[in-house]
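Could you put together the complete structure from these sequences and hints?
Chain order of the listed sequences is A, B and C. 1 is the number of the first residue of the first sequence in my numbering; add one for each residue after it. 1 is the number of the first residue of the second sequence in my numbering; add one for each residue after it. 1 is the number of the first residue of the third sequence in my numbering; add one for each residue after it.
Rather than coming from a laboratory, the hints here were simulated on the basis of the structure. Positions of the beta carbon are idealized from the N, C-alpha and C atoms, including for glycine. Please note that a few of the clues may not be correct.
List of simulated lysine-lysine pairs, DSS-like, C-alpha gap at most 25 Å [said to hold, decoys possible]: (1) A:K349 / B:K254; (2) C:K130 / C:K118; (3) B:K468 / A:K357; (4) C:K118 / B:K434; (5) B:K379 / B:K434; (6) C:K118 / B:K468; (7) B:K245 / B:K379; (8) B:K444 / C:K76; (9) B:K58 / B:K112; (10) B:K476 / B:K487; (11) B:K231 / B:K157; (12) C:K76 / C:K171; (13) A:K340 / B:K245; (14) C:K171 / A:K69; (15) B:K434 / C:K76; (16) B:K434 / A:K340; (17) B:K434 / B:K245; (18) B:K254 / A:K357; (19) B:K254 / B:K157; (20) C:K85 / B:K444; (21) B:K245 / A:K357; (22) B:K466 / C:K118; (23) B:K342 / C:K171; (24) B:K379 / A:K340.
Just a sample of chain C residues kept apart from chain B, beta carbon distances all over 10 Å, derived [claimed, not checked]: (25) R63; (26) G64; (27) R115; (28) T141; (29) P159; (30) L164.
Each pair of labels, with its calculated beta carbon distance range [claimed, not checked]: (31) A:L327 / B:A449: 49 to 59 Å; (32) B:N71 / C:N134: 25 to 35 Å; (33) A:L327 / C:G64: 41 to 51 Å.
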Amino acid sequence: MSHAIDIPVAAPHTTTSNSVGRVMTIVMMALAPATLFGFWLYGWPAVWLWAITIASALLAEGFCLRLLKRPVVPVLFDGSAVLSAWLLALSLPPWAPWWIGVFGGVVAMLLGKHAFGGLGQNLFNPAMVARVALLISFPVQMTSWVSPLPLFSAGAPGPIDGLLITLQGIPASLDAVSSASLLGFAKTELSRGVDLVHAMGEAPAQSWFGSRAGSLGETAAWLIAAGGIVMMGMRVISWHIPVSMLVGVAVPAAILNAVDPAHYLDAATHVLSGGVMLGAFFIATDYVTSPNTFRGQLIFGAGCGVLTYVIRTWAGYPEGVAFAVLLMNSLTPIIDSYVKPRVYGRNRKGSALPAKK
Amino acid sequence: MGLFEKIFKPQWGVHPDDHKRPAADAALRFLPAPAQVHMPLHQHVGGAARPVVAVGQKVLKGQILAEARGNISAPIHSPVSGVVRAIGEVTAPHASGLDFPAITVDSDFADKWIELDAVADPFSLAPEEIARRTAAAGVVGLGGATFPSAVKFSLGKRLAVGTLIVNGGECEPYLSSDDRIMRDFADQVVDGVRIVMHAIGAAEALVGIEDNKPEAIAAMRKAAAPFPDVKIRPVPARYPMGSDKQLIETLTGKEVPANARAAEVGVLVHNVSTCAAVHKAIRLGQPLVERIVTINGGAVANPGNIYAPLGTLVDEILAFCGLREAPARLVLGGPMMGTHLKHGKVPLVKGASGILAFNAVEAEIPEAGPCIRCGSCTKACPMGLLPLEMAARIRSGHLEDAVEFNLTDCISCGCCAYVCPSHIPLVQYFVHAKGELEAEERTKLRSEAAKRLTEARSGRLEREAKEKAEAAARRKAEREAAKAKAKAPAAKNTEEASA
Amino acid sequence: MLMAVGSLTVMGLALGGLLGAASRYLAVEENPIEAELQAMLPGSQCGQCGYVGCAQAAAALARGEAAVTLCPPGGKSVAEALALKLGVTVDLSAVEDKGPQLARVTEEICIGCCRCLKACPTDAIVGAAKQIHNVIQDACTGCGACVDRCPTEAMNLVPMPVTLQHWIWPKPAVA
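Spelled out as structure tokens, the structure:
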């Protein structure tokens with residue numbers, strides 16, 4: 001890299017070996033185990049959906065960059081579009097049709113990222129923007145869950161059949177069992193007047209290793225948590241948001257479950273179902289849309305958790321992570337303007353400390 | 001510093017690769033006398049010195065070339081004996097590459113000192129006398145700040161500073177000149193520390209040395225052993241531990257309030273090399289004409305510390321150490337805060353603690369990308385600022401908003417730009433903004449002055465017009481009076497004639 | 001339905017009436033903008049804008065008679081500031097930003113006629129009859145009044161020299 005001889009060069013003359021690409025790579029590697037588990041659990045249609053979502057996001061971003069007359073290749077390959085699309089794909093129903101993936105990828109890049117000015121400028125998490133747009137526009141397709149049909153098991157479609165399922169829908173010949181997700185089931189039963197103590201007996205098989213119906217990333221809660229801990233160890237994220245979000249979900253759940261177990265699910269179910277694990281470790285921790293300071297991040301994470309619980313329990317949707325994250329994203333600038341680090345030599349209000357020997 | 005500090009290392013700052021050894025371990029080498037030196041007139045904070053020699057004048061080593069001008073200034077002395085060749089300009093060690101005034105002296109290689117005014121017992125001198133002699137010797141802060149030391153002594157005495165903090169931190173990577181001076185000349189450093197304590201009236205001295213310099217710590221401990229009020233305190237190695245605000249907090253737990261001086265919390269900070277220079281100035285009567293400078297970097301064949309006369313061109317010192325290849329980047333100072341040099345025809349100045357010749361790998365800084373708001377800069381900032389917010393506002397031209405984020409508290413240490421994964425030149429944003437704000441302030445002062453001058457001129461013109469009118473009226477009145485007088489005797493005459 | 005129409009009409013009339021009364025009796029006094037505009041101008045009364053002095057130029061600006069680009073010594077920065085204050089949009093591409101300038105005497109050509117001396121609004125030129133004149137840089141505002149007066153063209157405007165003390169880091173180029 002050369003400098004024109006007339007441009008003055010500022011210090012520092014050395015820099016870290018860290019880079020945006022490195023950070024994205026670590027996050028993707030942390031997501032890989034859960035993703036591969038999801039692929040195994042749901043088979044080829046899930047693989048194709050994931051691939052289609054990422055490809056359409058890349059195409060949409062390339063289109064935006066061309067429109068803005070910015071260099072395409074360096075931005076496309078910095079990993080941020082792939083990561084957003086990957087997270088979106090993990091929150092979709094695994095056997096959703098192809099156009100859900102395409103629409104989602106395009107909305108995530110156009111409305112979620114480039115309408116704001118590109119990387120670093122967006123107010124809302126692009127993956128969650130896309131997911132909510134899809135959920136509201138296509139509620140049926142976005143809530144049609146299937147029971148797991150693991151790869152290589154009898155009846156599981158092969159790669160070409162899997163592609164056809166994604167492109168054309170589930171054929172009548174396939175014995176796929178549509179199933180409600182656990183949260184959806186619980187909400188439906190409650191609305192029917194059946195309390196949870198009775199309902200959970202007939203609930204979809206609850207397994208901590210995830211062989212019940214759910215989104216691609218929902219089922220591998222422990223693998224996601226493990227990936228999150230690896231990221232914390234490599235200092236890509238800190239513990240503040242994940243812990244505060246999980247606590248924000250678990251504490252109200254535990255309290256209300258202790259008070260009235262018939263109408264409120266317990267903390268473990270809440271934490272392990274839906275997108276809470278994925279949200280806590282990978283989605284709420286997004287750099288661009290979360291606060292700058294540790295204290296701010298604790299407030300943000302707690303808000304995400306509590307809102308998730310509130311939406312799940314009392315609002316119209318069985319799953320609340322996406323809405324909660326978007327709502328807290330909108331509060332991030334306010335959190336940032338009130339929660340600032342203390343400057344050396346000044347008190348918290350910003351005025352100089354008194355001089356005393 | 002106790003166990004607590006040892007376990008809980010400071011969260012601020014960064015820990016770049018050291019790169020100090022093997023240069024730090026190489027024996028000190030003495031640069032052979034240069035044929036010509038260029039002594040800049042402005043090697044310190046404050047007013048530039050004013051020349052007191054003429055071209056063609058013979059000078060001895062240590063003879064004064066330029067006197068201090070103003071309250072905050074320092075004199076310049078000749079590092080060689082010889083003849084003054086020119087009083088002209090030389091490229092300044094500054095990123096702009098602009099020139100500044102310097103006195104060129106041709107050496108006669110005799111290295112003859114002026115008559116030195118050595119003092120056998122500095123502790124019998126009054127503190128004011130020590131300050132006067134230190135000022136006359138041109139001693140300034142050799143850690144890089146180049147603040148005239150004698151002014152600091154007077155400040156410390158006036159504010160009754162109780163603790164002298166001696167900065168042996170040398171937190172910048174690649175540099176080891178303070179390390180060398182502590183290892184080889186610990187006695188001189190400790191003696192200087194004690195003289196400074198006497199000059200400011202401090203009861204104790206805390207010598208902070210980063211723990212990546214175990215040999216220096218051992219040597220200083222040995223030299224300070226007979227003096228219980230000089231305490232050696234190892235501190236965790238972390239950049240910028242050598243920054244005075246951070247060192248004061250680590251050693252004493254006190255925080256210097258914003259916009260206040262360290263003396264207001266009862267401490268004064270001096271670099272170890274400055275203390276050694278004070279020892280030389282007072283005990284031996286030698287003014288500041290030489291210093292130890294670290295030559296390091298991938299392009300240097302034999303890196304190490306060189307004892308060199310001030311005013312020697314950087315090129316000559318690099319040639320002495322040998323260059324493996326043409327440097328991809330030349331830096332005066334350390335990599336975090338040093339000045340980029342466009343070429344090596346720059347003289348060694350008092351504040352130059354290192355000369356770094358980087359090869360292509362070391363000089364490589366990737367292209368800057370967009371800010372991803374990761375917050376690494378906030379975690380690294382030792383002053384608790386929000387570099388990402390300040391830079392965003394400066395980028396969009398809202399400099400006043402950046403000031404509201406405490407831009408003026410920024411010490412330009414470079415931690416934020418170092419850790420940024422997008423390699424954004426954050427420090428350049430901040431120094432640009434500070435420069436623009438100062439320029440606006442200057443323009444405002446200029447306009448106010450112009451208004452005052454304009455009003456003064458109109459006032460002058462009015463006054464002159466008024467005086468002119470008054471003078472004209474006076475003259476007219478005189479003429480009338482004279483005419484009347486001329487008429488009166490004539491009338492009298494006619495009266496007398498007719499009477 | 002009549003009830004709804006009627007009640008909304010009454011509410012509309014009542015609230016509209018309240019707003020009208022407030023705009024008359026609670027109106028905010030207009031600040032004298034002239035003084036603020038004058039403070040923004042350089043103040044050297046050079047006359048390049050066509051008005052006698054900066055005060056007259058400010059009055060014309062306040063009345064809306066003058067364009068915000070009227071001040072050549074002020075350059076882009078003054079034009080921008082005036083536009084901001086007056087709330088007008090202005091196309092600044094035509095404004096020549098020569099940067100700050102200073103007058104300088106070419107000493108070999110100066111004949112010591114004192115014509116420039118008398119024209120300088122800040123008395124920045126020192127000299128006397130038949131003595132070479134010189135410009136005090138700290139007092140010169142670069143207005144150019146002296147340049148036209150010089151019969152031998154010894155007086156010129158040159159860009160303000162950049163010194164080490166006043167050099168500013170440029171803003172980093174955005175990727």
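Against the structure, the hints:
1. Only pairs whose Cα atoms come within 25 Å are accepted, and K349 (chain A) paired with K254 (chain B) is accepted, the gap being roughly 19 Å.
2. With a CA separation close to 15 Å, the supplied pair K130 (chain C) and K118 (chain C) stays within the 25 Å bound.
3. Straight-line distance between C-alpha atoms of K468 (chain B) and K357 (chain A) comes to about 64 Å, which puts the hinted pair past the 25 Å bound.
4. About 39 Å separates the Cα atoms of K118 (chain C) and K434 (chain B), which puts this hinted pair outside 25 Å; it is violated.
5. Pair hint K379 (chain B) plus K434 (chain B) holds up; C-alpha atoms about 22 Å apart against a cutoff of 25 Å.
6. With a C-alpha separation of about 17 Å, the suggested pair K118 (chain C) and K468 (chain B) falls inside the 25 Å cut-off, and the hint holds.
7. At roughly 17 Å between alpha-carbon atoms, K245 (chain B) and K379 (chain B) fall within 25 Å of each other, so this suggested pair holds.
8. Simply put, K444 (chain B) and K76 (chain C) have alpha-carbon atoms about 16 Å apart, close enough for the 25 Å limit, and the pair holds.
9. Distance restraint check for K58 (chain B) and K112 (chain B): the Cα-Cα separation of roughly 12 Å lies within the 25 Å cut-off, and the hinted pair is therefore satisfied.
10. Under the criterion of a C-alpha separation no larger than 25 Å, the hint pairing K476 (chain B) with K487 (chain B) is consistent with the structure, at around 16 Å.
11. Among the hinted pairs, K231 (chain B) with K157 (chain B) is consistent with the structure: their alpha-carbon atoms are about 21 Å apart, no more than 25 Å.
12. With a C-alpha separation of about 18 Å, the suggested pair K76 (chain C) and K171 (chain C) falls inside the 25 Å cut-off, and the hint holds.
13. Distance hint between K340 (chain A) and K245 (chain B) is fulfilled; the C-alpha atoms sit about 20 Å from each other, no more than 25 Å.
14. Taken as a hint, the K171 (chain C) and K69 (chain A) pair is honoured in the structure, with Cα atoms around 22 Å apart against an allowance of 25 Å.
15. With a C-alpha separation of about 21 Å, the suggested pairing of K434 (chain B) with K76 (chain C) holds against the 25 Å cut-off.
16. The hinted pair formed by K434 (chain B) and K340 (chain A) meets the criterion: a straight-line CA distance of about 22 Å does not exceed 25 Å.
17. For the hint pairing K434 (chain B) with K245 (chain B), the CA-to-CA distance comes to about 20 Å; that is within 25 Å, so the pair holds.
18. The straight-line distance between the Cα atoms of K254 (chain B) and K357 (chain A) is roughly 9 Å, inside the 25 Å bound, and the hint therefore holds.
19. At roughly 19 Å between alpha-carbon atoms, K254 (chain B) and K157 (chain B) fall within 25 Å of each other, so this suggested pair holds.
20. The straight-line distance between the Cα atoms of K85 (chain C) and K444 (chain B) is roughly 18 Å, inside the 25 Å bound, and the hint therefore holds.
21. This hinted pair checks out: K245 (chain B) and K357 (chain A) have alpha carbons roughly 15 Å apart, not beyond 25 Å.
22. For the suggested pair K466 (chain B) and K118 (chain C), the alpha carbons sit about 18 Å apart, so the restraint of at most 25 Å is met.
23. Taking the CA atoms of K342 (chain B) and K171 (chain C), the gap is near 19 Å; set against the 25 Å cutoff, the hint holds.
24. The straight-line distance between the Cα atoms of K379 (chain B) and K340 (chain A) is roughly 12 Å, inside the 25 Å bound, and the hint therefore holds.
25. Against the 10 Å criterion, R63 (chain C) stays outside the reach of chain B, whose nearest CB is about 23 Å from its own CB.
26. At roughly 24 Å, the least C-beta separation between G64 (chain C) and chain B is larger than 10 Å, which holds for a residue marked as non-interface.
27. Its beta-carbon lying about 16 Å from the closest one in chain B, R115 (chain C) satisfies the requirement of being farther than 10 Å from that chain.
28. With a minimum CB-CB distance of about 5 Å to chain B, T141 (chain C) fails to clear the 10 Å threshold, and the non-interface call is violated.
29. Every CB of chain B lies more than 10 Å from the CB of P159 (chain C), the least distance being 15 Å, so the non-interface label holds.
30. Distance check for L164 (chain C) against chain B: the nearest CB is about 5 Å away, which does not clear 10 Å, and the non-interface claim fails.
31. The given range of 49 to 59 Å is respected by L327 (chain A) and A449 (chain B), whose C-beta atoms sit roughly 55 Å from each other.
32. At about 29 Å, the CB distance of N71 (chain B) to N134 (chain C) agrees with the hint of 25 to 35 Å.
33. The hint said 41 to 51 Å for the Cβ distance between L327 (chain A) and G64 (chain C), and at roughly 47 Å that hint holds.
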